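Q: Single-letter residue listing:
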Amino acid sequence: EAGVTQFPSHSVIEKGQTVTLRCDPISGHDNLYWYRRVMGKEIKFLLHFVKESKQDESGMPNNRFLAERTGGTYSTLKVQPAELEDSGVYFCASSPSMGASTEAFFGQGTRLTVV
Amino acid sequence: QKEVEQNSGPLSVPEGAIASLNCTYSDRGSQSFFWYRQYSGKSPELIMSIYSNGDKEDGRFTAQLNKASQYVSLLIRDSQPSDSATYLCAVTRYGQNFVFGPGTRLSVLP
Chain A
5 EAGVTQFPSH
15 SVIEKGQTVT
25 LRCDPISGHD
35 NLYWYRRVMG
45 KEIKFLLHFV
55 KESKQDESGM
65 PNNRFLAERT
75 GGTYSTLKVQ
85 PAELEDSGVY
95 FCASSPSMGA
105 STEAFFGQGT
115 RLTVV
Chain B
3 QKEVEQNSGP
13 LSVPEGAIAS
23 LNCTYSDRGS
33 QSFFWYRQYS
43 GKSPELIMSI
53 YSNGDKEDGR
63 FTAQLNKASQ
73 YVSLLIRDSQ
83 PSDSATYLCA
93 VTRYGQNFVF
103 GPGTRLSVLP
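Chain order of the listed sequences is A and B.
The first sequence: position 64 = 68 (the numbering used here), numbered continuously.
The second sequence: position 21 = 23 (the numbering used here), numbered continuously.
Mixed in with the good hints, there may be bad ones.
What the hints assert, rightly or not - No more than 27 Å apart at the CA atoms, straight line, and that leaves these computed lysine-lysine pairs for BS3-like:
#, chain 1, residue 1, chain 2, residue 2
1, A, K19, A, K82
2, A, K58, A, K45
3, B, K58, B, K44
4, B, K44, A, K45
5, A, K48, B, K69
6, A, K48, A, K82
7, B, K58, B, K69
8, A, K48, B, K44
9, A, K82, B, K44
10, A, K58, A, K82
11, A, K19, A, K48
12, A, K19, B, K58
13, A, K55, A, K19
14, A, K58, A, K48
15, A, K82, A, K45
Just so you know, the hints here were simulated from the structure itself, not pulled from any lab data.
These figures come from a predicted structure and were not determined experimentally.
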């Protein structure tokens with residue numbers, strides 16, 4: 005069974021440009037999470053989808069970040085325009101429907117560098 | 003504000019010893035607790051989950067949970083150099099996002 009996949013694995017863009025990150029969760033997982041780890045800091049929550057709906061987007065840093073999950077399958081996270089402080093590793097994770105066993109499985113992450 | 007705290011380390015133990023990693027959390031309503039291992043440049047990998055007070059053992063790993071003290075720990079027996087990584091504690095309520103601690107760097111010395 006395929007795990008959580010993210011694309012691209014690395015992205016280097018200039019300040020002011022737009023970047024779109026993609027996450028394909030494990031098939032059948034309703035929950036999809038985006039997290040970010042900036043250098044030297046802990047992994048921080050960005051937002052949580054349940055199917056196609058945004059359950060919690062309290063971690064989104066500002067309105068330059070837009071996440072979508074059309075059809076409840078894959079998700080995209082767009083940063084427009086990118087700023088230097090957006091550099092970091094963006095992780096996507098998915099988990100099955102709510103219940104006692106709600107382990108989240110992580111993708112390999114997208115390393116974003118804004119120069 | 004939900005918080006999860008861990009000692010950043012590095013925690014150094016000799017090969018074959020027991021490594022003890024600790025985590026405290028502030029949200030008393032937390033229901034699920036996880037330990038992830040993250041090698042440098044890699045994604046977090048789930049190694050243990052625990053949901054009720056007490057101990058849970060899986061191979062060389064034992065997770066311990068004490069909800070009254072808001073404390074969860076991970077013991078690694080017979081530590082190996084391949085266990086050297088950053089260990090992340092994560093806490094969640096059902097249906098909500100995972101809150102991660104900053105991680106503890108473990109170094110197992112041959």
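Q: Take a quick look at whether A/K82 and A/K45 sit within 27 Å of each other, Cα to Cα.
A: 22 Å, holds
Q: Does the structure keep A/K19 and A/K82 at a Cα separation of 27 Å or less?
A: Roughly 14 Å separates the two Cα atoms, so the pair holds.
Q: Is A/K58 within 27 Å of A/K48, Cα to Cα?
A: Distance ~17 Å between A/K58 and A/K48 Cα, so the pair holds.
Q: For the pair we were handed, A/K48 and B/K44, check the Cα-Cα distance against 27 Å.
A: Holds - the C-alpha atoms of B/K44 and A/K48 are around 16 Å apart, at most 27 Å.
Q: Taking 27 Å as the top limit, are the C-alpha atoms of B/K58 and B/K69 close enough?
A: 14 Å, holds
Q: Against the 27 Å threshold, does the CA-CA distance of A/K19 and B/K58 hold or violate the hint?
A: Roughly 47 Å between the alpha carbons, so the hint for A/K19 and B/K58 is violated.
Q: With a cut-off of 27 Å on the C-alpha distance, tell me whether A/K48 and A/K82 pass.
A: Since the Cα atoms of A/K48 and A/K82 sit roughly 17 Å apart, the hinted pair holds (cutoff 27 Å).
Q: Check whether the Cα positions of B/K58 and B/K44 lie no farther apart than 27 Å.
A: Holds - the C-alpha atoms of B/K44 and B/K58 are around 26 Å apart, at most 27 Å.
Q: Is the hinted pair B/K44 and A/K45 satisfied, with a Cα-Cα distance of at most 27 Å?
A: 15 Å, holds
Q: Is A/K82 close enough to B/K44, meaning Cα to Cα at most 27 Å?
A: Within the cut-off at roughly 22 Å; holds.
Q: Holds or violated: A/K55 and A/K19, Cα atoms, limit 27 Å.
A: 32 Å, violated
Q: So if I understand the rule, the pair passes when the alpha-carbon distance is 27 Å or less; does A/K58 with A/K82 pass?
A: 15 Å, holds
The structure fails hints 12 and 13 (numbered hints given earlier, in ascending order).
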